[in-house]
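> Below, each chain spelled out in residue letters.
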Amino acid sequence: MTDIIIAGVGGQGNILLSRVICQLYTNKGFDVKSAENIGMSQRGGSVVSYIRTGENVGPIIPDNMADILIGLEMCEAARNVNKINKDSIVVLNDRFIRFNSLDFKKNQIVKFFELNFPKLRIVSAYDIAVKLDMPKAENIVMLALVCKDGFLPFSKEEILKALEQVLRPKMYEMNKILVENIYEKY
Amino acid sequence: MKKVLMGNEAVAYSLFINGVNVVVGYPGTPSTEVIETLKNFQDDDFYVEWSTNEKVALEIAAGASLAGARAVATMKQVGLNVAADPLLSLSVVGVEGGLIVFVADDPGPHSSQTEQDTRNFARFCNLPVFDPSSPKEAFELIKPAFEISEKYNLPVLYRMTTRVCHSNQSIEFELKREKRRIKGFEKRPDWVILPALSYKKHVELEKKLQDIKKDLSVYNRVEGKGKIGIITGGVSYFYVKEAIKGFEDLFSILKITVAHPLDDEIVLGFVEDKEVLIFIEELDPVLEEEVKLILFENGKLLPVYGKRNGYVPFAGEFDVDKVRNIFYKILSDEKFLVRNTFVDVLQIPKRQAQLCAGCPHRNSFLIVKYAMKGKDVIFTGDIGCYTLGFAKPISTTDTCLCMGASITMAQGLKIADRSKKVISFIGDSTFFHSGITGLVNSYYNRHNITVCILDNLTTGMTGFQPHPGTGKKIYGEEGRKVSIEDIVKGIGVEKILVIDPYSDFTENVNKVREFLKDEELGVIIFRRECANMGSKESYLKINQNCSNCKGCMQITGCPALKEDENGNIFIDSALCNGCGLCKSFCPYSAIEKVMKDD
Ligand code: SF4
Ligand code: SF4
Chain A
1 MTDIIIAGVG GQGNILLSRV ICQLYTNKGF DVKSAENIGM SQRGGSVVSY
51 IRTGENVGPI IPDNMADILI GLEMCEAARN VNKINKDSIV VLNDRFIRFN
101 SLDFKKNQIV KFFELNFPKL RIVSAYDIAV KLDMPKAENI VMLALVCKDG
151 FLPFSKEEIL KALEQVLRPK MYEMNKILVE NIYEKY
Chain B
187 MKKVLMGNEA VAYSLFINGV NVVVGYPGTP STEVIETLKN FQDDDFYVEW
237 STNEKVALEI AAGASLAGAR AVATMKQVGL NVAADPLLSL SVVGVEGGLI
287 VFVADDPGPH SSQTEQDTRN FARFCNLPVF DPSSPKEAFE LIKPAFEISE
337 KYNLPVLYRM TTRVCHSNQS IEFELKREKR RIKGFEKRPD WVILPALSYK
387 KHVELEKKLQ DIKKDLSVYN RVEGKGKIGI ITGGVSYFYV KEAIKGFEDL
437 FSILKITVAH PLDDEIVLGF VEDKEVLIFI EELDPVLEEE VKLILFENGK
487 LLPVYGKRNG YVPFAGEFDV DKVRNIFYKI LSDEKFLVRN TFVDVLQIPK
537 RQAQLCAGCP HRNSFLIVKY AMKGKDVIFT GDIGCYTLGF AKPISTTDTC
587 LCMGASITMA QGLKIADRSK KVISFIGDST FFHSGITGLV NSYYNRHNIT
637 VCILDNLTTG MTGFQPHPGT GKKIYGEEGR KVSIEDIVKG IGVEKILVID
687 PYSDFTENVN KVREFLKDEE LGVIIFRREC ANMGSKESYL KINQNCSNCK
737 GCMQITGCPA LKEDENGNIF IDSALCNGCG LCKSFCPYSA IEKVMKDD
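Same order as they appear, the protein sequences are chains A and B.
Each residue of the first sequence is one higher than the one before, counting from 1 in the working numbering.
Each residue of the second sequence is one higher than the one before, counting from 187 in the working numbering.
Quick caveat, the hints were computed from the structure, so don't treat them as lab data.
Everything hinted at is true.
Okay, derived cross-link-like pairs now, PhoX-like style, lysine-lysine, Cα gap no bigger than 20 Å in a straight line:
#1 A/105 - B/536
#2 A/28 - B/189
#3 B/322 - A/28
#4 A/136 - B/748
#5 B/394 - B/337
#6 B/536 - B/748
#7 A/131 - B/727
#8 A/106 - B/536
#9 B/782 - A/136
#10 A/136 - B/727
#11 A/170 - B/722
#12 B/748 - A/105
#13 B/188 - A/28
#14 A/131 - B/782
#15 B/606 - B/555
#16 A/156 - A/185
#17 A/28 - A/156
#18 B/188 - A/161
#19 B/736 - A/105
#20 A/106 - B/748
#21 B/189 - A/161
Quick caveat: nothing in here was measured; it's all calculated off a predicted structure.
Next up, chain B with everything else stripped away, as it sits in the complex (with noise of 0.2 Å):
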């Protein structure tokens, strides 16, 4: 069957295909349809879940594989930060079936805090890392990690990043299920990480490394016979490609695709008679860095254009366009490649992401802010779509570090800056993920600072994956619902306030500013399914009192009021979710409410 399959599909139709048992991971972009694609599999050894992160996700991931199971866990590149306490560890115990580690890197960076390179990460914890270049690949390398993870004992990180795997591409498969027989637990020492083992194990593992280069190596390889050669790998070996086009004679690539352990041989063999290297590789100078050492420590020398002597930049993402741009400078020879380039181009500026029209964090946001109108506040944000309330107008977002941070940069900026409110604002996936030990943390010490977890009752940015906190599981079917009022009760916080976002501005307004009077520490749970979820009843419609002052506008920064040509406010119906807000800013009562069947 020949299928367009994305990125992450690609992986998933491989796992299936390939055994794996179990696939356990936490949603962020780009990472996140790798389990939704595999949700859609069923068989009687196969299970897939959300976990509420990612240290959760390669646990369990881990402790399946200890039985024999074929085990992966996924993840955006930040969330393996989660999680590199057991990814460590796992590196010195070891496993038994077959552990993947699914991490998707986002240089850019399209939708994450940071641009990270997990081919580092590789170094750093000593495991072998694949970093396929377009979704073929991605689809043919996972039965080789799965291998090379069984005969070694060693966990694999699989290593993709943005255009990799949100790229779509044909693939042609047969959609047969490998059938293995899980073992099944054997309880051994090796299990029980204690210093004296980990010491023996590291040792272990430095040996095992000098095989695994050997056996990856035959995943790398060398294109062309031209005196300029390029080093590269991941997508950019496309880019490559491409921005030679025409000029091939003069160059050749080595491709990388395992980029730790890097084996030196085929390295030496493609230096030999190379006049320059030029290294292609997007976010971190991995292979440089690596390639150099292995030229130092056989001495040779030669003229080399990368990262560290700026021909190459660090940060962003490539293109076919910034690697020829490489090309020009290094070659210095304008005539190189030709390019038509088009004239007389508008300049057309930056197009803000925004809440979604009628999103209920829009509704909370705005009943903070007003409560504390005239007040000095600190609002701080953390991870998901309520990122965005740090877009204007909201502009209630004072800081936004990583996932759970809110709530714990919160009680920092309390400590030393007493005289301010302090206002923390979480979301409901994001609270589960990490946000608990935060809040338990403040009320442990005592710090008064005020928790507002804006509930929409799934996970939003992501596509709207279920948490506990929905109480349904990844197939839709009944799990347990974790109540987030019980968490904070259970804790000991007596000062909770449930709203919804929805329901009067006015009267929720009055109901925050005296819940925030005092300094006491209080969680506020603003609870309201997301404006994607549910059907909407009713949307709002702006009548002949309106004299255009685009209050309701200005105040809400709501996408479905807009300007028609000639300037006038109109509200529209196809986007409108009937929340009510701009109701609330109209000095003149010109919205009123329609309903669907009208």
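Next up, chain A with everything else stripped away, as it sits in the complex (with noise of 0.2 Å):
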């Protein structure tokens, strides 16, 4: 059983994200359940998102029980840490998206995740996506780095094949283009 939580900022895609994911999973094979929020939330407030694979559960993933954490932004990432234990593996976007009232700086949240997860991975998946010209799929190079990188269990080809099912057509040949750019200059 694998619980997965994605935390970010509405408008990053993070929904759409968990959508390929579960795909991912069933074409494997797996249950899959996950639970999103929707609405008020997605203009620009804080969006989670679980997976899991496990049989006979809930949606929503117990404190400290997730296996992995993606963190779309730094912020939201911190914010979600109750989810998941010191064994968690958590990737984390480069990415620091302010907002009034936080007085928290980009590097006090990087040291913390450093020195509490040893299991950590940054990557500069927005950097890339705006590099590639599509600064709205830092969700979509998110996976694929997340996928390269061994931390979850698909190749390249599955990834392709769930965005198929999952996206439109027009949309599905411009991610396809980036991701297959991702597996192979980063």
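Assembling the complex is the task here: the two chains are given apart, and the hints tell you how they should meet.
What follows is the structure, given as structure tokens:
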């Protein structure tokens, strides 16, 4: 059983990413459950998705139980550490979206993760997405990087298949090129 | 075929497979995706539409049902309040083809004004209610819901909660539609509700419920043999399952899928050998109260833990940890379950939702705010993206109650507080939903308020559904366009101003100030399509003239304006929609336009 949490900010494509990961696990024969927030929070607020592959579980991951935290944004990743433990894998997008009333600096948050999580990996998904001229696709960049580095057990071919199942044809073509690029260059 | 489906999608697929003929609704989180999914299906005996509000939707569904069609009306919990009038009458009049009223509740709440419990509504209007725990169950229970509705000629409530509606699960099914013959409408005196008939039908209804109880009890089930009995339903069932993991022997579970009418027999069988009972249900203590009645009537007394004695919270949504803590408290034995808590967590403050970058509503709010600078004004708000006009730094929304109430509350405020100017804000879709009647009242009774209709040519909050003002129907095909101006004029309002919130800010402020000079009923229509719909041609950029005063950011609060690591301001070109608003507030002319292709 694998529990994955994806934390980010509304507009970063959190929900689509969760969809694709669900599809990936389903294609592997797992029974998947996931939960996400939709509506108000998607207007720039905090967005969290939970993905679970166990049977007889509810959609929300209990505290300390997530195996993997995918942080699309630093503050939101930090906000959700109560869901993970020291053994969890943390993949963090090097992205810091400030908001009023926040008095943490980016490096404070990075330090916090470095100190507490031995299995930490920080990636520049946003920078890569911008470089490849698809700034809204940092979620898919993240997915490709996570899989390429072996944090999730899916091959490039499997990713492409899941993307094809979930995305509309035009979007699929664009994202396909993106994924190919990442496997070649990053 | 095995597919990952969201709870709402699962309902949609199942409706289609089970031969639904008519699906109508009004968008509202977390219910919207049922119709959004169904619009991808087509068949010669299948019709789907977005209606102007929930009452309209339910009445259309009722009409279709009387002609023998399988019909569904979809809405969120607060939408059910709007549809309450036809629903209560329908429970007496009855239906012909299966009629499901799909209602999505929102414990938490995540994106609603209230935490309402539709199971309570079911008790109120004496109708059966299904309460599925997972997308899979949501898929499976549609068939019996239609069958019960047809067998007893009654509408059936299908209540789900956010965590069922918006969670995903792999579901195996065959996409094969059941074909049914629609009989057509048959004239019958039954369909005309008159007081005498209503009494007779009420008697019948109470009798029917006794039979329905028996029929539906098969959907409730007992698990385990432990002496501690847990009664639960909906998504809480899974929280319970996980919370007792490793200690299953102590517990047994009564999972209630049909919360009303609740069958006495299964309850009495369950409590037989129990030492205590614990009720785990979100929102209202519906199961708790129903079960306690059954126990009392049958002379059974045992310790009960639930909402009424403070062990289980009334408000908010649950999760495994909350449920586990409730068990801790009840069993007051800390060794009962082991947990390793995480140390040293950073306390990240709450991140406020905001209007999108380039949202035309931001411009409209600020135009009115600046036009009214220094004046004593009350701003009433309404339901939609623009409720966020309340957030800092825009702060131009003082009240928000329910759909359409901006216009009507403004009138009440005006009556009670004559000296103030009252300006209401309402979106286009909300205006059609229930703003029109308020405006009629304001004209008729001479309430001199100003109504700002924020027309972004879509229903933004729920994901860009069309509405009468767009003239497009659900598949994007041509409907007929209803003009907001013509409605306003048709009511009799003479003072109307139409403004493009993206055009010159100062000029707009002057126009609005002029318009608001006298005390007279007036309507300003701010029209510009939602920032997520059009393609953007340009974005703005900050040049070297910038003094880093941050005025633009502080005044507009546009999320595309950001600070870098060194505290210098910049515009995120990926987010900026080129609305030009920030430019109006830069005293150093440091913001300039860049065309997309440059
Ligand atoms: S022009 Fe200014 S206010 Fe408008 S979207 Fe861009 S940064 Fe935001
Ligand atoms: S979705 Fe449209 S209407 Fe809603 S906040 Fe964003 S730009 Fe504004």
